[in-house]
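Undergrad: Chains as they are written, first to last, in the working numbering: chain Y, 1 to 309; chain A, 1 to 309; chain G, 1 to 258; chain L, 1 to 258.
It is worth saying that the hints were derived from the structure and are not from the lab. Take these hints with a grain of salt, some might be off.
[Stated by the list, open to error] Derived DSBU-like pairs (lysine-lysine); straight-line CA-CA distance at most 35 Å: (1) K241(L) <-> K213(Y); (2) K159(A) <-> K203(Y); (3) K245(L) <-> K114(Y); (4) K10(G) <-> K253(G); (5) K253(L) <-> K136(L).
All of these numbers come straight from a predicted model, not from anything done at the bench.
Given next are the chains, with one letter for each unit.
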Amino acid sequence: MAVKTLDLSVEINGFEMKNPIITASGTYGYNNEFDVFCDVKALGAIVTKGITLEPRSGNEGERIFETTGGMINRIGLENIGIEAFLKEKLPVLNKCGIDFILNIAGNTPEDYIKLAQIAQKNNIKAIELNVSCPNVQHGCIEFGTNKQTLYELVQMVRKNYEHCLIVKLSPNVTSAEEIAEAAQNGGADAVSAINTVRGMGVKLDFLNGRFKKTTVSGGLSGQCIKPVALSFVDRISKVIDIPIIAIGGITSFEDVLEFFSVGAKAVQIGTANFTHPNAAEKLVNDLKKFMIQYNFSNLSELQQAVKGV
Amino acid sequence: MAVKTLDLSVEINGFEMKNPIITASGTYGYNNEFDVFCDVKALGAIVTKGITLEPRSGNEGERIFETTGGMINRIGLENIGIEAFLKEKLPVLNKCGIDFILNIAGNTPEDYIKLAQIAQKNNIKAIELNVSCPNVQHGCIEFGTNKQTLYELVQMVRKNYEHCLIVKLSPNVTSAEEIAEAAQNGGADAVSAINTVRGMGVKLDFLNGRFKKTTVSGGLSGQCIKPVALSFVDRISKVIDIPIIAIGGITSFEDVLEFFSVGAKAVQIGTANFTHPNAAEKLVNDLKKFMIQYNFSNLSELQQAVKGV
Amino acid sequence: MGKNNQGTIKDIQKISEEVYSVKIYAPTVDEILPGQYISILCEGLTFRRPFSVSDFDNHIITVLIKKRGKGTEYILSRKVGSSIEFSAPLGNVFSVENKKTLLIGAGIGAAPLFYLNKKLKELKVKTFFAAGFLSKDDIIVTPHPTLSRKGRGEYDFVSTDDGSNGNKGSICDYLEKLIAEFKPEKIVSCAPRPVLKIVAQTAQQHGLDCEICMEKVMACGIGVCRGCVIQLMQGDRVINKTVCKDGPVFNGKEVVWQ
Amino acid sequence: MGKNNQGTIKDIQKISEEVYSVKIYAPTVDEILPGQYISILCEGLTFRRPFSVSDFDNHIITVLIKKRGKGTEYILSRKVGSSIEFSAPLGNVFSVENKKTLLIGAGIGAAPLFYLNKKLKELKVKTFFAAGFLSKDDIIVTPHPTLSRKGRGEYDFVSTDDGSNGNKGSICDYLEKLIAEFKPEKIVSCAPRPVLKIVAQTAQQHGLDCEICMEKVMACGIGVCRGCVIQLMQGDRVINKTVCKDGPVFNGKEVVWQ
Ligand SMILES: Cc1cc2nc3c(=O)[nH]c(=O)nc-3n(C[C@H](O)[C@H](O)[C@H](O)COP(=O)(O)OP(=O)(O)OC[C@H]3O[C@@H](n4cnc5c(N)ncnc54)[C@H](O)[C@@H]3O)c2cc1C
Ligand SMILES: Cc1cc2nc3c(=O)[nH]c(=O)nc-3n(C[C@H](O)[C@H](O)[C@H](O)COP(=O)(O)OP(=O)(O)OC[C@H]3O[C@@H](n4cnc5c(N)ncnc54)[C@H](O)[C@@H]3O)c2cc1C
Ligand SMILES: Cc1cc2nc3c(=O)[nH]c(=O)nc-3n(C[C@H](O)[C@H](O)[C@H](O)COP(=O)(O)O)c2cc1C
Ligand SMILES: Cc1cc2nc3c(=O)[nH]c(=O)nc-3n(C[C@H](O)[C@H](O)[C@H](O)COP(=O)(O)O)c2cc1C
Ligand code: FES
Ligand code: FES
Numbered sequence: 001m002a003v004k005t006l007d008l009s010v011e012i013n014g015f016e017m018k019n020p021i022i023t024a025s026g027t028y029g030y031n032n033e034f035d036v037f038c039d040v041k042a043l044g045a046i047v048t049k050g051i052t053l054e055p056r057s058g059n060e061g062e063r064i065f066e067t068t069g070g071m072i073n074r075i076g077l078e079n080i081g082i083e084a085f086l087k088e089k090l091p092v093l094n095k096c097g098i099d100f101i102l103n104i105a106g107n108t109p110e111d112y113i114k115l116a117q118i119a120q121k122n123n124i125k126a127i128e129l130n131v132s133c134p135n136v137q138h139g140c141i142e143f144g145t146n147k148q149t150l151y152e153l154v155q156m157v158r159k160n161y162e163h164c165l166i167v168k169l170s171p172n173v174t175s176a177e178e179i180a181e182a183a184q185n186g187g188a189d190a191v192s193a194i195n196t197v198r199g200m201g202v203k204l205d206f207l208n209g210r211f212k213k214t215t216v217s218g219g220l221s222g223q224c225i226k227p228v229a230l231s232f233v234d235r236i237s238k239v240i241d242i243p244i245i246a247i248g249g250i251t252s253f254e255d256v257l258e259f260f261s262v263g264a265k266a267v268q269i270g271t272a273n274f275t276h277p278n279a280a281e282k283l284v285n286d287l288k289k290f291m292i293q294y295n296f297s298n299l300s301e302l303q304q305a306v307k308g309v
Numbered sequence: 001m002a003v004k005t006l007d008l009s010v011e012i013n014g015f016e017m018k019n020p021i022i023t024a025s026g027t028y029g030y031n032n033e034f035d036v037f038c039d040v041k042a043l044g045a046i047v048t049k050g051i052t053l054e055p056r057s058g059n060e061g062e063r064i065f066e067t068t069g070g071m072i073n074r075i076g077l078e079n080i081g082i083e084a085f086l087k088e089k090l091p092v093l094n095k096c097g098i099d100f101i102l103n104i105a106g107n108t109p110e111d112y113i114k115l116a117q118i119a120q121k122n123n124i125k126a127i128e129l130n131v132s133c134p135n136v137q138h139g140c141i142e143f144g145t146n147k148q149t150l151y152e153l154v155q156m157v158r159k160n161y162e163h164c165l166i167v168k169l170s171p172n173v174t175s176a177e178e179i180a181e182a183a184q185n186g187g188a189d190a191v192s193a194i195n196t197v198r199g200m201g202v203k204l205d206f207l208n209g210r211f212k213k214t215t216v217s218g219g220l221s222g223q224c225i226k227p228v229a230l231s232f233v234d235r236i237s238k239v240i241d242i243p244i245i246a247i248g249g250i251t252s253f254e255d256v257l258e259f260f261s262v263g264a265k266a267v268q269i270g271t272a273n274f275t276h277p278n279a280a281e282k283l284v285n286d287l288k289k290f291m292i293q294y295n296f297s298n299l300s301e302l303q304q305a306v307k308g309v
Numbered sequence: 001m002g003k004n005n006q007g008t009i010k011d012i013q014k015i016s017e018e019v020y021s022v023k024i025y026a027p028t029v030d031e032i033l034p035g036q037y038i039s040i041l042c043e044g045l046t047f048r049r050p051f052s053v054s055d056f057d058n059h060i061i062t063v064l065i066k067k068r069g070k071g072t073e074y075i076l077s078r079k080v081g082s083s084i085e086f087s088a089p090l091g092n093v094f095s096v097e098n099k100k101t102l103l104i105g106a107g108i109g110a111a112p113l114f115y116l117n118k119k120l121k122e123l124k125v126k127t128f129f130a131a132g133f134l135s136k137d138d139i140i141v142t143p144h145p146t147l148s149r150k151g152r153g154e155y156d157f158v159s160t161d162d163g164s165n166g167n168k169g170s171i172c173d174y175l176e177k178l179i180a181e182f183k184p185e186k187i188v189s190c191a192p193r194p195v196l197k198i199v200a201q202t203a204q205q206h207g208l209d210c211e212i213c214m215e216k217v218m219a220c221g222i223g224v225c226r227g228c229v230i231q232l233m234q235g236d237r238v239i240n241k242t243v244c245k246d247g248p249v250f251n252g253k254e255v256v257w258q
Numbered sequence: 001m002g003k004n005n006q007g008t009i010k011d012i013q014k015i016s017e018e019v020y021s022v023k024i025y026a027p028t029v030d031e032i033l034p035g036q037y038i039s040i041l042c043e044g045l046t047f048r049r050p051f052s053v054s055d056f057d058n059h060i061i062t063v064l065i066k067k068r069g070k071g072t073e074y075i076l077s078r079k080v081g082s083s084i085e086f087s088a089p090l091g092n093v094f095s096v097e098n099k100k101t102l103l104i105g106a107g108i109g110a111a112p113l114f115y116l117n118k119k120l121k122e123l124k125v126k127t128f129f130a131a132g133f134l135s136k137d138d139i140i141v142t143p144h145p146t147l148s149r150k151g152r153g154e155y156d157f158v159s160t161d162d163g164s165n166g167n168k169g170s171i172c173d174y175l176e177k178l179i180a181e182f183k184p185e186k187i188v189s190c191a192p193r194p195v196l197k198i199v200a201q202t203a204q205q206h207g208l209d210c211e212i213c214m215e216k217v218m219a220c221g222i223g224v225c226r227g228c229v230i231q232l233m234q235g236d237r238v239i240n241k242t243v244c245k246d247g248p249v250f251n252g253k254e255v256v257w258q
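So here's chain Y without its partners, still in its complex pose (with noise of 0.2 Å):
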């Protein structure tokens, strides 16, 4: 019997990505720091660390605080900017062949048309829109809360770059169908959900018979927002035809399938690379390993056999 040539390759507006494995903003650097752990190469892509105009030194004070099943950041985009970006990281990541999606960020629509604008003339390939990132004064999070917003940032943005442009949509909304939809009318090939959920971290100490505290006010992420994804997942691929990929607690193999299963096309993995640094590689291996086993040939293949049920 010959042996079935097995296509794990996804594909949007020409972003050509070998697996439906990625790893999300923010949790990953900018290109190979994780080659310590694992073969980054090996991943479908990379979702470079938001990167704004200008280079960003982040929010003073705690910034990361552990929950249960998950943790709560707020980093507030410290970030080395596109200049930088482009000059030491760009370089890297051509050379280690290591497929990427850039993660944008900014104040203004300006901010968004014109890093959209480099990308387009660097021929960067695909870029994510973080428009919903809850950690920053200005600007992101507002973009994606309210859909007509977001309709016309995407619609610009879309006008100054041909390549894969994907937006991150918030779960922090009353209706996750809307500001999918927005998204998708504004034209975008693809939506990325979900990115962090509001959250509050409070650490008290008692000394002395006074009260010391601590707070860190962010984003949710891990595994304890899985159901949170799932659900916004589920519904948006109601309304939606652009592909979806799921981001949201991903740890396990079970995991990505569960998203399959509710429509998504990829996936992106966070926390769990802090909490198990080759997580993403060994989701390509599990991946592949369960479709020879089970002979599926391809990835559709698999995601209707999950969906379709």
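Position chains A, G and L with the ligands against the provided structure of chain Y, taking the given hints into account.
TA: Frame of chain Y, contents of chains A, G and L with the ligands only:
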């Protein structure tokens, strides 16, 4: 030295609770069911299972699903209806000396008004409007996610009910602040927050080359949502003046203090009752012990101390 | 008060390929009857895990636990001597009456039937204990069976899917034969849902009383959360009953099979 | 590749009131230098838990662990012989140079200094190891100290807050005295933040080199999440540095104390 009397009481529009530890709707039955595990009358109050005008049989299919750090439920408001409640449960509550809050839900504003009128007539001292249950097809959640609708609903109920009126808020909204203000402006005496977070559980079995899928779409509760609740309470406490009763993942005494620190006047215990069926009574004892040990003589003194830092 | 208990693990023994017998010393539990279960707190998990009592004697509760996921792994990884928290007794009971009773177990479903069988025998009620398993290594034999019939412990009849011990095939294949030979007045069964359904229907066809023990994921264990309901047909009305409190034992005739 | 490792717990010994010495056999770890740490996966927790290496010899990593919350409880409850997953080696290193070095530890902060002291002594660098603890039962003494001075192990100087062993008071109270007597060229310290601040400032006043080992809650451990940043003053610019990768060892002069 004279022993200071310990005052843990909380009063909201004439509704007196001996302490701020309340059990949450849907997790504690109608009256003294939990007496098999602990002393129900030692609690500040219990909130009854959500009651509708007519009895309901709830949802078909799987109703509960365990998740990392929590659970999802889609009970669908199975309940005995207000008539049976008055006949069978109210006398037990009164006989046992259990302070309680009647949780009510409906499909239309008229349902809520009728239930409020019945509560008024039967001298029920506190009601909680469930305008935020994600598990029923019509009504309920819709009131809780639109500020205008909520404002009008609360106003109408207010006109028909003069005792303690609590509005239970949904976290599944873009703006916590707006929805809390709507409740306050409508005339609520207090808000309770949060109800469950929209979530979905998926279980896949792979048997003989085929997938079998079970899904439970409903409300996420338990420790995993504590950060969401802390953030929600923190935000609304900055815009409303009426008391806030905090709900969401509260399990330990530290949790209670954390919610006091973001402005809660009392707390409700839900899912923790399943994991630790004597959780609520234990919290009352822990609170008393702490206050005695550190010389707090009344609750607001403690709440000020935790908040003030 | 008093349904929440602290016990001590006295003994854990492997008794089949995947099943372990766990003995818990529970000073605060005075009585548990056949059919009732206990629900064990597992660190890090929201729901307590329910297990039928398979023996109770002088404050020692025996449960037979099949390794599945995190909860059972947690319990089985505990050391002898360590403490354990659980709710007990929970649920209703098998009715104990003087009727010739055929007990039908399948897999881990045999667990509560050991205790019922023991009680019925003490009362001199005639019983016949039949059970089905996948293979010989899956046969659940309690640590110190009072009878030993070629590795089949207390069972009067055993079938295995692969025929590696006892009769070959599903226990359902032998139902008619067992009824014909033993001529029971009543059947009691605990088994996976498909088996229970066949048992209940077969009992009904023969006009026999039938009690079955059902399973459902549980949250509260005392009937308040309404998470574990099944439907019963009582008269011509379909009503919800909780497996945790109204059950786990139900009249086989009444269960609505979806 | 290779920073994620599977090891085996070889030994767990209580070495003070709250501190345990844990030895891990790590066949895939070839080298760890003083100042570096490992980060241990704890079941059910999102973040791995970082611990300074207090000795490394022939694939055996020694960490000294103070019992705190769930993570340390998980590690300390593991059985000898059980496997354990961790990232290593992580972080930067103490500079090893031929300068007379005063080592200042406080509490569990002494942990990485044992390893540094050993290395420096091997290289015949003069060191003086001083450490402060709450009380005599809190003094951390490695299981087999090469020297034993009245229960004070390898320390050349000990202070306890209550004076129950060694000199009475905080180690900070003796800084000036130690500098005056030992005349170091360099101070290296690992201790709670307030102690580090005083050590760094004192070193600066005396014009001494100073390396301090900092702590911060960590997620990724390799500098990518930016969760563990502290601020350094380099030249006249304040810049963010990660404790996990740029640290945990920093130049005492540069740290911006908030
Ligand atoms: C009244 C009652 C009595 C029971 N008696 C016994 C007993 O005597 N011995 C025994 O080994 N088990 C018994 N069970 C089943 C036992 O409760 C489950 O196996 C256990 O809860 C699984 O926990 P886990 O964390 O190990 O597995 P999980 O990770 O929770 O689940 C692993 C697998 O087991 C399935 N499962 C989980 N809970 C149940 C359930 N309640 N019923 C059926 N399947 C389930 C899941 O769907 C999943 O596929 C009983 C259940 C009930 C409701
Ligand atoms: C580079 C580095 C080296 C370290 N070396 C050692 C060591 O050699 N021996 C040792 O016992 N501990 C060391 N620690 C601290 C150790 O990581 C924490 O004690 C541990 O993570 C606590 O985990 P837990 O789950 O038991 O406690 P948690 O439940 O997480 O926390 C319990 C208490 O410990 C505090 N805590 C948690 N993490 C840290 C932290 N990173 N720094 C300070 N306080 C914390 C919490 O604020 C809380 O009050 C080191 C930390 C770092 C960053
Ligand atoms: C530390 C941290 C930093 C993050 N930074 C970004 C970011 O810069 N841009 C972005 O779009 N999302 C960011 N995210 C969100 C993740 O990409 C992801 O959407 C979220 O964490 C949910 O996935 P998870 O549960 O798998 O972590 C960050 C998340 C974490 C935990
Ligand atoms: C099984 C179950 C049933 C519930 N039923 C109701 C209900 O009838 N009315 C209501 O307002 N909230 C209901 N809730 C929501 C809880 O009262 C509470 O708001 C929520 O569970 C969050 O708190 P927790 O994390 O402490 O459980 C229910 C929750 C659970 C888990
Ligand atoms: S588990 Fe709550 S009603 Fe049965
Ligand atoms: S822990 Fe991620 S940057 Fe330090």
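Undergrad: Please go over all the hints and tell whether each is borne out by the structure.
TA: Consistency of the hints with the structure:
no.	hint	result
1	K241(L) <-> K213(Y)	holds, 25 Å
2	K159(A) <-> K203(Y)	violated, 41 Å
3	K245(L) <-> K114(Y)	holds, 32 Å
4	K10(G) <-> K253(G)	violated, 39 Å
5	K253(L) <-> K136(L)	holds, 32 Å
Hints 2 and 4, counting from the list given before, are not met by this structure.
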